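Use these hints to put chain X onto chain V, whose structure you have.
Residue-level listing of the chains:
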Amino acid sequence: MEEIKLIVDGKRLDGRGFEELRPIKIEAGVLKRADGSCYLEMGKNKVVAAVYGPREVHPKHLEEPDRAIVRYRYSMAPFSVEERKRPGPDRRSIEISKVSREALEPVIMKELFPRSAIDIFVEVLQADAGSRTACLNAASVALVDAGIPMRGMVTSVAVAKVDGVLVLDPMKEEDNYGEADIPFAFLIRNGKIESITLLQMDGKVTAEELRQALELAKKGAMQIYQLQRDAIMRKYIKEEEVVE
Amino acid sequence: MISRKIVLPGDLVSTNPKAAGSGTYVEGGKVYARVLGLLDKTDLGVRIIPLKGRYIPSIGDTVIGIVKEVTANGWIVDINSPYIAFLPLVENPGMRPNRRPNDVLDIGDAIIAKVMNIDPKMKVTLTMKDKLCRPIRVGRIVAINPTRVPRVIGKKGSMIKLLKSELDVQIIVGQNGLIWLNGDRRKVSIAEEAIYIIEQEAHTEGLTDRITEFIKKRKVELGLAKPEEVEESEKSPKEAEEEKVAEEREVEESTEVEVTTPDDGSDVTDSKTEEAER
Chain V
1 MEEIKLIVDG KRLDGRGFEE LRPIKIEAGV LKRADGSCYL EMGKNKVVAA VYGPREVHPK
61 HLEEPDRAIV RYRYSMAPFS VEERKRPGPD RRSIEISKVS REALEPVIMK ELFPRSAIDI
121 FVEVLQADAG SRTACLNAAS VALVDAGIPM RGMVTSVAVA KVDGVLVLDP MKEEDNYGEA
181 DIPFAFLIRN GKIESITLLQ MDGKVTAEEL RQALELAKKG AMQIYQLQRD AIMRKYIKEE
241 EVVE
Chain X
1 MISRKIVLPG DLVSTNPKAA GSGTYVEGGK VYARVLGLLD KTDLGVRIIP LKGRYIPSIG
61 DTVIGIVKEV TANGWIVDIN SPYIAFLPLV ENPGMRPNRR PNDVLDIGDA IIAKVMNIDP
121 KMKVTLTMKD KLCRPIRVGR IVAINPTRVP RVIGKKGSMI KLLKSELDVQ IIVGQNGLIW
181 LNGDRRKVSI AEEAIYIIEQ EAHTEGLTDR ITEFIKKRKV ELGLAKPEEV EESEKSPKEA
241 EEEKVAEERE VEESTEVEVT TPDDGSDVTD SKTEEAER
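Protein chains in written order, with the numbering used here: chain V, 1 to 244; chain X, 1 to 278.
Isolated chain V, as found in the complex (with noise of 0.2 Å):
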């Protein structure tokens, strides 16, 4: 087989350098009977999110007496990849519904609300690389404007390694034919990242090239922060309260 170039002369397949991240689009509040919601864009990433509760359990003996229980689901539409895909949970979506959740857990008050819970839905449109750090970054916001008690916000992006160098926000000719792809979340609290809540990795890399990795991933993580912030407060600028 031909080697595919991923790497032209110092820029990616599609023009980018090495930290750059794909275009960004965000929206906040765009379901009118969820809680919360969020579409979100990623390059070509098109997800959907919806934050409901806290809300009763169902069904009821999954409830905790003592704290709310956070769902979290994350599904590719059939129409969503260039081959049909089967609809409903498979092994893939099981397991990133369940990284997401745990990445979530921490930043959400549960203590709060016992013998409630909060569901996330977050359904990707059309996938490109990274549709679990752009479906984690559009939880987020929506948890946001279902205005659900939260220790911080979660933002989340991933960094490849192709053609031997660290990339920042592969896209999907970069994760299908690179060596690795290591998708992060952070906690950001008052604009510092606070910890790191998911950390997948698939492939190889050396303990250096992921220290490396780890700090492109937080440079990528506070500008989508920033736009995370952005898509809320232009929702809400209007209501800006002035007295006196």
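Quick caveat, the hints were computed from the structure, so don't treat them as lab data.
Heads up, a few of these hints could be off.
[Stated by the list, open to error] Restraint-style ranges between C-beta atoms, simulated for each label pair:
| id | chain 1 | residue 1 | chain 2 | residue 2 | range |
| --- | --- | --- | --- | --- | --- |
| 1 | X | 41 | V | 8 | 31 to 37 Å |
| 2 | V | 79 | X | 88 | 51 to 57 Å |
| 3 | X | 15 | V | 59 | 40 to 46 Å |
| 4 | V | 191 | X | 41 | 14 to 20 Å |
| 5 | V | 233 | X | 60 | 33 to 39 Å |
| 6 | X | 135 | V | 89 | 16 to 22 Å |
| 7 | V | 79 | X | 135 | 48 to 54 Å |
| 8 | X | 43 | V | 191 | 24 to 30 Å |
| 9 | X | 43 | V | 7 | 37 to 43 Å |
It should be emphasised that the depicted structure is a prediction, and the values quoted were computed from it without experimental measurement.
Where a beta carbon is used, it is the ideal one built from N, C-alpha and C, also for glycine.
Frame of chain V, contents of chain X only:
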């Protein structure tokens, strides 16, 4: 003129942990916001006025609920919150020893009740032993975002007084975002529209003035008042005082209404219950 800033979860709002108020949390000696809302920073402390969120019951709240289930010892009531409420038989004065619970209140009936008790597991108990409380048989229920309820009540009940005096309708505001309206059908419709405007424009300046204007305009449009009459019956400007955040839960004061039978019989058949949108 100061504008209240919007804060997002995790924003640093104060470095004095003693100042932490509602909607904030303290970690490492610093105060952070925990919800999306407006920052209210005073000498007394900082708090966040939430912009979104579900109704969380607290003891003493007046709520409007819908009966979801009838049991042998009481009623299970949906109060538009993550938690369902229970109204025991003994807490309903309408209950007589020889009557069965479902003859007194049946599934789908709306009631005005008070939150009597909440246990640590968030089991909510209601009571109807209060002059405000009653089953709702007539009128209309309007659903709004529960975080906007203080706006509909207004500062020291100013907004609700305005609606009542201008439109001559009965209004009871449930803290859970459901509002009961009763009176002349057209006037109730105006009140309903006014409430939606308040909900939409909750955080803008001079809202009371604009609502007064709106009500007058609608009254003329619906032929309830002639334009010149409106000029005469203009309310004293103190009613239209500038809008500010209603700090206190003013339901008590704002909901005193005479218990009268509706003068317009058509209202009885028209009574409808709008389910909570959210």
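Hint check, failures only:
Hints 1, 6 and 9 contradicted; others consistent.
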